[in-house]
Amino acid sequence: MSTTISEVAPEILEHAADPGEYEPVSVERRYEDPRATIDRDRSKHWFKRLFPILWVNKWPFSIAIGGMVLSMLFGVAVPALIGKAIDALPAAVTDGESSTLFTFLGILVTLATLRLVIGFFAMYQMSRVSNQLEGDLRSVIYNHLVTLSFSFYDRIQTGQVISRANSDIRAIQMFLMMSPMMLTSVLSFTFAAAYMASVSVTLTLAAMISTPIVYLLSMKLRKLMFPLSWLTQARQADVAVIVDENINGQRIVKSFAQEGNQLNLLARAAKQLQWVQVRSVDISALYNPLIENITVLGQVLVWIYGGWLVIDGQIQLGALVAFNMYIMMLQMPFRFLGMLLQMEQRARASAGRIFEILDEEPEVRDRDDTITLTHPKGHLKFDNVRFGYKDEQILRGLTFEVNAGETVAIVGRTGSGKSTIVRLLSRFYEIGDGAISIDDVDIRDLATKSLHYHVGQVLDEPFLFSVSIRDNIAYGKPDATMEEIIVAATAAQAHDFIMQTEDGYDTVVGERGYTLSGGQRQRLGIARALLLNPPILVLDDATSAIDVTVEKAIHEALLRLMENRTTILIAHRLSTISLADRVILLDEGMAVATGTHRELMASVPRYREVLAQQNRQIGEPEPDDAEQMDDESDGEYRRRIAAIVRSTPKPDDFPGGGAR
Amino acid sequence: MMGHGGGHWHGGGMKGRAGAGDLPFAGIPPEMLDRTNALMADEPDFGDIQIEFSHRVVDGEPFSLWTFLAPYKFRMLGSLALVALTEVLLLIGPYLIKVAIDDAIIPGDFDVLAMVGVIWVGSLLVAVVVSGFRIRYVGRLGQMLMYELRLRVFAHLQRLSLDFFTGEKAGRLMTRMTSDIEALSNLLQTGLINLVAQILSLIFIIGILLSFNVQLTMILLVIAAPVMLVLTHWFRSVSEKGYETVRNRIAEVLSDLQESLSGMRLVISFNRMKHNVINHRNIVGDYREANNYTAWISAFYNQSTQFVDVATTLIILIVGYFILIDVNPTLDPDGSFTVGALIAFTTLSARFFKPITALTGLYNEFQSGNAAVIKLRGLLETAPSVMEKSDAHDIEDMQGDIEIRNLSFAYDVGEPVLDNVSLHIPAGQSISFVGPTGAGKSTLAKLIARFYDPSLGEVLIDGHNLRDVTLHSLHNQLGVVPQEPFLFHGSIKDNLRFSRPEASDEEIMEACRTVGIDDMIDRLPEGLDTPCHERGSSLSSGERQLLALARAFLSRPRVLILDEATSNVDQQSESKIEHALDTLLEGRTAIIIAHRLATAMRADIIAVINNRGIMEIGSHDELVKQGSYYADMYETWRTQNEGSATV
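Each protein sequence line maps, in turn, to chains Z and E.
Residue numbering for the first sequence follows our numbering, starting at 24 and increasing by one per position.
Residue numbering for the second sequence follows our numbering, starting at 128 and increasing by one per position.
Isolated chain E, as found in the complex (with noise of 0.2 Å):
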């Protein structure tokens, strides 16, 4: 479904979207073009994965970075050996340099010069190999962790129940899935392996230095390494701030501006431009102070950094005189303090603050993973709260008995939606359940296709009590069509073979006539494989449902479940959809709720619901017969329709 392949960004895509805003999948510089494409042909073909799945949940330790990548330890010190290995040669150069200039450079000898130069240029060679070595051996490693650990969470996230998916939780759940795993990803591949190297090249550079002089390590590490310390450390976190505040100042513009745009027909009508200029203007100037407190910081803590390293150089000249002069006045090259070994402290002490200022802010990279890992945990570790059991058994053919017995539940403790409920629906009839907003129609509806499960009492389908059932075999039998028609983003064919993937296009074909979709189809210029959210050939709510019909009906379930289905729809939509129950409901149980009365009697069973429980059942006329709650509905519903139909 997703799965384009690609086509979609091709060329002649992208010159149709010209100019509209170089975001990541418009702005490719035209000579850019044929490399892209020319990769994305490249790309292998996945082919149809195939993932084991089950929905029970696999039992294993709690979620950490640890057990994470404790199958992994090996390779993780393979790494780390790696990473040494690098560091190790890189600080090779700045100890050649001493060489260099103390015994060839002072004494004039040709010889040493050379055999430093083909020993400096032999290390570099090994540091490439090694280097690109460890950058694609940690990488891939990497890569091969985010892939797992995507797959992991979103088992997980498929196993939870729907409870979970409601309401706001729904954005936080998405960024467990990108911006959690990417900081995991972040900590792992550049993160770990950065504070290891940078700790270790750390420690070697101090060795070197301390080999060199230890009077001016000590200097360097009293004096210099706390300043940049402090200073980076300050520039951390005020310029978090800083930005934080960027951030939201640029949010707030951007926001002031999408709304002035959603509302300018009435801006323009209230005559409010002056004021929304004026208004726009000072957001504009907040955010315009931030970028320039932000500016401020950089443009301090850039500068003062560099005086510190030339600061730090000088204060290693100054004192390495002194002490030249003390220890080795005769500047001889196999004295214990050389000429040499000051200019090679000098430029290996730049290098110096290079690890320091790195470990400030891998602190923040460590911060932020670790938070990702700890949200990942809470993730992984909620339970389904409909859970299916080990030894659960799948449902043979359906025959759609329904019976509910005994059935309390309630979403929040203490209040019940439903109170002691028991409902017999026998295979192949429909049935509607009315009754007012918020009585417990959808409730007990969700309770049937066991998305949730009763505080008390059972629901039997054939006999078997779903809380021992396979889930898989019983949402498999069994459709649903909600209040709201998702689509995804796909083809209408993609959409409408969601429910069963096998489906062949003429059993498609089928499901639209069925519907009555098969003449709006035929008009599309693409027909089934028009995209369902490409603007201008957006499709009305009325057809979207009848979409969402269609797909339930190729499911073929034994059990439909209609939830409000017909409540967003215009009238013709209505219409065809009422024409179409008929076919729909043929031979399977259905339970519908709806909000008309219109479609509501058509069900051979008619239950009110209300107060917690079902008020009245029975058909149509038994219920208009006995005059209660139904008969009034159904009296009030007459008499408005005929009222209208007067005028």
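Chain Z with its partners taken away, still in its complex shape (with noise of 0.2 Å):
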């Protein structure tokens, strides 16, 4: 079956000519993109800079606000007309009146079905704004961070920004969604301490006189609780960290015979854990029956001193039972406006972090009138080139071409800059100095994208997404037919391994899925680059892993896929080096010497020198890979630990009391 491919594979792989086919998109769309973003503006407000997401929403949230008040009235109205009934009650069952106890029943029956009705509508659209918000906020967010630059990502820690794009997010759409329905709660309550009023001022006085009160004890447990809670979940923590250790280091654990220490080690975190609940445990058996009771006092008040009134003749029983189920309705602003302000606080840092990615500029940039790179003949020319990475100087006057069609090997020693040419071709970084050409044209004046299309690069670690072998084959041409990337996957060497997993093409594979070899994934990772065919094509250290026969067969699959291609390839290897037409050799951020292997290897001492360190070298990674090495900070690795905790259910931590 190979055989047969690799003859018709140089028409399979046809080149893209059409410049939108430069970004690929296979993908359907669903959904219509936000409709808005950020503010860009940053001396503004939080909110303000918020508001224009909000802003596209304007007329489902002002419908659904709306509701919420109309649904709001009728709710208060309801205890003053039970209260009306219950009043019209004895006249109906003495003298047989009940036409005004039916009215009010009736008119009961009817707000209450227009209550469920409108509170229901209005409480699910509010809900639906909040989550196109959420939505919109998230896609904002993405969008703006496929823009940003590699520099970007040099600074950036991945956790930290999955975590503003989780709990940050949430923050802002809690906030905003609660405080609408909280703000209807405060006119609600406004509106029955008005009704109140109106019937009695004192009685109303005495109702709300343990308002005040359970706010304060309220408030006053929640700082209590505060540290208890948090220091509880440090303290659980600190036993999940101790079970996760114990367990993944079970091995040493037992070599060691440290059994019993363990033990003790968690026996002393859990007493810590044990303490610090018995702690919260008793402020809540403290403070809940007190909240819980004295919200129960103002009921009392109402009854006995209420009575008192009806007995005097000033009010009526109805107006009592009113009253009664006012008091619920009284206690809950108070609540809210505490829970509000705390949001708007979380709110405001949240949204902070959230502006922190979104003001990031990109460091490269099209320019306005930018030259479209179609077909390029692939002469490559460094003029000069001056780099460096924050304060290290990398390239200092690099000066080098490879002609249209050459493949020439870059040789230097760890450091020397070799990685960086590759980066810099692409232009995943802005050079300092100098200038970077293509057929002659500054890559500054192309389109990044065109530019991009047609610059191949395959890394020595190639990362792999938890998709298919296939899809991650055709990541960069989703839409590549099967006999493609068959075409592909047989020129990287990797058809045959891949047809022994067990799903063959669809197996899965990257962090979630299959293990692949060092060079099994080298090898995707050429087929991945090789889909595209591109005219220029640099290998950096991409073959290290692969065994030296596999990597000539790549190699002659490369020659016959396309001729005229122009090959950067990054060596260690001997065998590497000598595909190459000719070899640069590079040091101290310079190209000291160029010629073919045996001239350099004949006249250039420091090249036979190079060649010799990095032999005895193989193995060691460069420095570039142990930065990242998968070692969790401690910060980090406890909020791991601490995301397991949250994980399960717990009971709600807020202090509700009074809810009886």
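What the simulated footprint calls covered on chain E by chain Z, stretch by stretch (three residues with Cβ under 8 Å from a Cβ of chain Z suffice, anywhere in the stretch; the number is not a length): (1) 399 to 412; (2) 424 to 430; (3) 452 to 466.
Label-pair restraints from in silico Cβ distances: (4) Z:Glu367 x E:Ser181: 54 to 64 Å; (5) Z:Met355 x E:Asp238: 27 to 37 Å; (6) Z:Glu367 x E:Trp193: 41 to 51 Å; (7) Z:Lys243 x E:Asp172: 24 to 34 Å; (8) Z:Gly89 x E:Arg478: 27 to 37 Å; (9) Z:Phe74 x E:Arg162: 28 to 38 Å; (10) Z:Tyr412 x E:Met271: 52 to 62 Å.
No lab work stands behind these hints: they were computed from the structure.
Quick caveat, the model's predicted, so the values are computed rather than measured.
We put the beta carbon where it would ideally sit given N, CA and C, even for glycine.
Need the complex rebuilt from these two chains, each delivered in its own frame; the hints are there to steer you.
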């Protein structure tokens, strides 16, 4: 099968000419894009900056608010009407004058039904708006992230962005969703209080007397509980850390006979956890009954003082019943106001962190009048290029040329700037000084996407996404046919091992999938680049984990698939270097010599030194990789463990109180 | 090692991480910082708790809620009594309302009204005391139970053998100790108590309602209660599914984001931005739809329960009106049904729904609590595959003479890894195991450390059959350095001292000097106190391995096992390790499993392990002379090495 494919291969991997195809899309759009983004003006208040995203939903939002207010009004009217109905009751019973009673009951039925419909609609609409807002904010962040440059990704930690995208967005959404609800409840408080005051001012005061006390107690409780629940979580995480390490390091624990000490360690952490939880219990044992019963005290006052007023003939029994029902409504706003303030603080802080991402400017930008690169011949030129990351100068006036169709190996010791060349050629970073050109056009004048399309690169440790092998190979050309994918995989000598995996091309790989060896990953990385068949190809140590004979086969396939391809090989191994027409020796950020391997071996002692040194160092990771080592910091680790702890259902630690 | 005493999270550190996300350990608002620190200053130092630990499993009844709680049955009964009392106190109020209306307000009797007030306030005072006491009593009991359970489960984990900790099981074990215990804790502290409380409250409420009026109570029970029950049940089951979808979808959103971020360099270089943006929008959109679905359910449930509430009141008023006309048309306050009773009935009916909705929720809590009990039972019933005999004896002063007699071993039945292996390693000698991957080298070493027991045959150290000795005395005199140097969270010192907690600082530095990391430690700003996992001071894999070696050295093992300890390190560290080996191996029995021949060659004896057994054994020179498998290996290695040297 593979022979037939390799014969037809060059035609299948035909080059895209239409500039529109430089940005492949093969996913069906199922939702419209967010219609707004945040306000760019950094000096504005956080809410104003977010406002445009809210404003596009102004109609559903206003309707929801209107509905909520209406439903709230109905809600406030219910107790008063029940009171009226009760007042009409004795007359109806004793004198048979039931029309007033049934009028009120009729109104009540209508109101309750209207409230059911309107309340449901408004609440649902409000949630929809806030969900829309959350989704839009997520997309706005994502859409911004893909515009940012490599330098941003060098700087940030993935975990931080994820946490912003998660808890911070939620904090904002919570605030925007809860605040209208809370404000309507404050409004309902006002109406209820007004009605009550119209019946009896003194009784209203009596009914409300417990409210501030309950509020103060709740605040006090909350203040006391915060450190406790914080410490509880910290101590739970401590326990989790010990368990986690004990499980993962069990071999070490066993081989040093430390089981007993581990148990002591856990006992200590569990004791600490017990201590803080008992403290919480003690505090809630003191405050919660107080809060609950003082709330009831308001009710007692209403019935006793109100009863006195009824006997005295100042008010009617029905009003008393209504007051009794209003007491709960009076409690809510006080609690909500405190919560609202807290939520605003959280939302503001969260918004600040999200803006930090959204205010990031891409380092590399297209110029206004760019040239689209089409069918480049592949003549590359670095002219006195200077570049450094942060303070560290890497390239110090690098000058070299690669002719169209030439295969050049770049050799240099670790840190000489080899890998940097690759990144600069694709303009992942902006160079400090000098110029890089393709076919004599400065890459800064090119449309970046067309540049990326024509310069393929394969890194030594290719990142694989947790999708199928097929989708990984087709990453740069998601609409590729199966035939094209097999051609690319065959050329990268990956087809055979792919067919040996359980699901073939459908096997899911990557972080959450099937584990591949280093060499297999590299071959997939090569296949991924080959699928686009770029006229300029850079292999950055891309075959370091691949067997020498396989490496040779890959290069033969490369030649067969496209003649006149410009290829840059960044290499350690002699086997790789021998595939190049010419070698460039890099030292101290400059090209110090060029020629064939033989020539350099014969005439440049430095070349021999570098090669000898590298062959001793095989397997030693370059500093770049060491930094990316999957080594969590203590903070991240704690957070991960905390996430485990948090994911378990926990009773709400908000001091409810008074609800009964 | 873990007990930082809390100093870790104080203000200064917090500021340093400002903006690092508001997760539990970073998000202390400034106004709470003082309180939090004060609380931590209050935390007692529990010092070194010494818990009795034995490898032997204590026989007991299988773990169940019943056997777990049985020792505390009187306290549990005490809790229940307190709960019942609290519920009764809560229901005095509605009853007093009826009395107030019928006996005071309608007849216009101020004295009765005052008395009702006094009794009511008095009942509230009692309620404050009783429920305060209840919360304290039940809470403390629950916390004590949780402490016991944590220790019990963890102690059992320590007993289990190594095969239990491999692979994906680790993640699940983690949840046994965290979420399962948490679920059980919820069940005990809120679930059980709530169940009793709600059932009692329901019974009391129905009792009082019946005393007010039987017909109205029947209406409530037959019409309103089933509606509410059905509604709540519907809501629970539908919203549970809805929220699960939400959780799955948000997980998809976040994992897509995470992968995009990790692979962003590829996204950029393959011009995948537009594709990914649309794809992410789709995922976010699906998540939004899932959210909208749950919003629909919540809004519907929320509003309809309110409606049922009001509708019930209306029905009660209407029916109450007809009953009044029927039985007490003169509104006599002493009549069998009164206005006061009707009003009290309406106020109490709202409260009637609470236990009903709560009970449907408790069902879930019970299920997860019960599932946790079953899982914990499964864990606690798992017997360690390496069992210490009840009459096991200590190996005193191990010399390190190892003898393996006719040993066979299989991880899975029918697939032997080692078959009838016999080997003698004299005390103080070092031996290398070489051979192809999967030949059983590591397994043999693990059998010598008694991480597993052989299926057939025996391993003897100093003439003691390993099956007859205590695990503690064996492992105490044995050191293992595995391929992955596992370091615990804590300082370098904590990690080194792990193998021998009583080691002094000098001894620790001595161990560092021996393996040649003293200069590296000197270079670190905090020296031995440098945390092993803090970013910026991350150690390379070679340095980690050297630390692991120092750790093993510090424990002064009589038998040292290096299981591929040098395969993942760079050249420089490898040469350091090889250098250190000379000192490390001196005077001890050593088993070296090495990937690289250069390391393997150093041993006194070399055993080629292949085809489930020992293929060749002898000194390096003997084996080379013999001209078989090892000689071939050596030849290949030699030419390769020379080849690269001549480049």
